[in-house]
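> Could you put together the complete structure from these sequences and hints?
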Amino acid sequence: MNYDQVKLRDGRCLAYKEFGVDRNSARFKVVVIHGLGSSRDALFPCSQELADELGLYMVGFDRAGYGHSDPFPQRSVKSEALDIQDLADQLQLGAKFHIIAISIGGYSAWSCLKYIPHRIAGAALVAPAINYWWPCLPPSLSHQAFSARSFLDKCGLRLAHYFPGLYTWWSSQRWLEPGISRLDKHPQGKKKNSFFLLRLIVLSISQHRSQAQRQGAQESTARDILVQFASWEFDPSQVEQPGEGIRVDIWQGDRDYLVPALLQRCIHERLPWTGYHELPEMGHLFFLLPGRGEEIIRTLLI
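The letter at position 300 of the sequence shown is residue 300 when you use the UniProt record's numbering, and the numbering goes up by one with no holes.
The reader is advised that the hints may include incorrect statements.
[Said to hold, decoys possible] Listed next, the in silico BS3-like pairs over lysine-lysine satisfying Cα-Cα at most 27 Å (straight line):
| hint | residue 1 | residue 2 |
| --- | --- | --- |
| 1 | LYS154 | LYS17 |
| 2 | LYS96 | LYS154 |
| 3 | LYS78 | LYS114 |
| 4 | LYS96 | LYS17 |
| 5 | LYS7 | LYS17 |
| 6 | LYS7 | LYS96 |
| 7 | LYS96 | LYS78 |
| 8 | LYS7 | LYS114 |
| 9 | LYS114 | LYS96 |
| 10 | LYS154 | LYS78 |
| 11 | LYS78 | LYS7 |
[To be verified] Pairwise CB distance ranges (calculated):
| hint | residue 1 | residue 2 | range |
| --- | --- | --- | --- |
| 12 | ILE116 | ARG265 | 18 to 28 Å |
| 13 | LEU50 | GLY275 | 30 to 40 Å |
| 14 | ARG9 | ALA148 | 36 to 46 Å |
| 15 | TRP169 | ILE302 | 25 to 35 Å |
| 16 | GLN241 | LYS78 | 18 to 28 Å |
| 17 | ILE246 | LEU166 | 32 to 42 Å |
| 18 | PHE234 | GLN173 | 25 to 35 Å |
| 19 | LEU141 | ASP52 | 22 to 32 Å |
| 20 | ARG158 | PRO290 | 30 to 40 Å |
| 21 | PRO280 | ASN24 | 16 to 26 Å |
Treat the hints as calculated values from the structure; they're not laboratory data. Heads up, the beta-carbon is just placed ideally off N, CA and C, and yes, glycines get one too.
Set out below in structure tokens:
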């Protein structure tokens with residue numbers, strides 16, 4: 001067994017995996033929030049040498065319904081923040097901790113910044129997913145970005161937003177798999193990096209997908225999509241800086257098919273206190289390229 005578990009406030013269990021220096025002697029403690037179809041094993045790229053240099057402790061966990069964490073049919077944007085707070089308390093991470101959120105894990109990060117800002121020492125949102133129905137986004141730009149999605153993606157996302165019950169059926173049809181299965185058909189980096197990154201993409205998905213969906217896609221990826229594209233209680237423009245001097249950085253590739261850069265720019269413009277890093281000729285999984293993960297970690301912590 002390559003994981004441990006903590007018990008949450010409501011009795012559910014959450015599986016987690018640790019990396020880096022010893023938790024009790026760490027200078028920085030970072031909770032890593034995985035993306036769609038991933039798991040606790042997909043810890044953010046970081047060498048042991050970097051962890052030793054910075055005094056860095058990282059913990060990845062299976063979000064509800066993923067991997068070895070109990071499912072939660074009532075999962076919501078807010079429940080994600082409460083799960084993360086419980087995890088931090090059970091592991092005694094202290095009054096404040098950092099978070100790194102990847103892709104659809106971004107809604108968990110926005111939730112933390114909204115509902116438990118007093119616990120957040122800093123945050124890096126890496127290609128955080130966009131909800132096309134957020135009120136803060138200009139309708140014309142949302143329409144433009146949404147129109148660029150494939151026909152099947154548009155059908156699935158509309159069902160998730162307007163008819164969640166139908167989306168549950170939709171997501172069970174293998175020929176209607178969501179856009180994550182087509183990551184390799186869209187630019188992921190400059191030509192000299194494309195083949196290398198494509199190999200990383202295929203390896204990453206194949207390694208983690210079966211583990212992530214061991215309880216079924218309905219409680220993991222499908223429920224993630226439903227939460228991400230539902231009507232939220234807030235949108236990111238209503239989030240306030242968690243404290244003076246606390247870094248919140250958004251990292252985005254300008255060739256990202258799944259998360260449109262033109263909408264990410266709108267979020268940053270509404271939140272001028274965030275750092276915004278748009279990387280040219282980069283796609284959704286740019287952080288897997290050598291050195292990118294270290295750059296994001298150093299920017300967050302130093």
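> Could you check the hint for me, namely that LEU50 and GLY275 are 30 to 40 Å apart, CB to CB?
Given a distance of about 20 Å, which is not inside 30 to 40 Å, the answer is violated.
> Measuring from beta carbon to beta carbon, are LEU141 and ASP52 in 22 to 32 Å?
violated (44 Å)
> Given the hint that LYS96 pairs with LYS154, test it: the Cα-Cα distance must not exceed 27 Å.
With a Cα-Cα distance of about 39 Å, the restraint between LYS96 and LYS154 is violated, given a limit of 27 Å.
> Given a hinted range of 30 to 40 Å, is it respected by the beta-carbon distance of ARG158 and PRO290?
holds (38 Å)
> Is the hinted pair LYS7 and LYS96 satisfied, with a Cα-Cα distance of at most 27 Å?
Roughly 20 Å separates the two Cα atoms, so the pair holds.
> Is the Cα-Cα distance between LYS96 and LYS17 27 Å or less?
holds (19 Å)
> Between GLN241 and LYS78, does the beta-carbon spacing fit 18 to 28 Å?
20 Å Cβ-Cβ, so the 18 to 28 Å window holds.
> Given the hint of 25 to 35 Å, is the C-beta distance from TRP169 to ILE302 inside that range or not?
violated (48 Å)
> Taking only the CA atoms, is the gap from LYS96 to LYS78 under or equal to 27 Å?
The hint holds at about 18 Å.
> Do the beta carbons of PRO280 and ASN24 sit within 16 to 26 Å of each other?
violated (41 Å)
> Holds or violated: LYS154 with LYS17, Cα cutoff 27 Å?
violated (35 Å)
> Are ARG9 and ALA148 spaced within 36 to 46 Å by their CB atoms?
Holds - the Cβ-Cβ distance for ARG9 and ALA148, about 41 Å, lies within 36 to 46 Å.
In summary, the numbered hints that this structure violates are 1, 2, 13, 15, 19 and 21.
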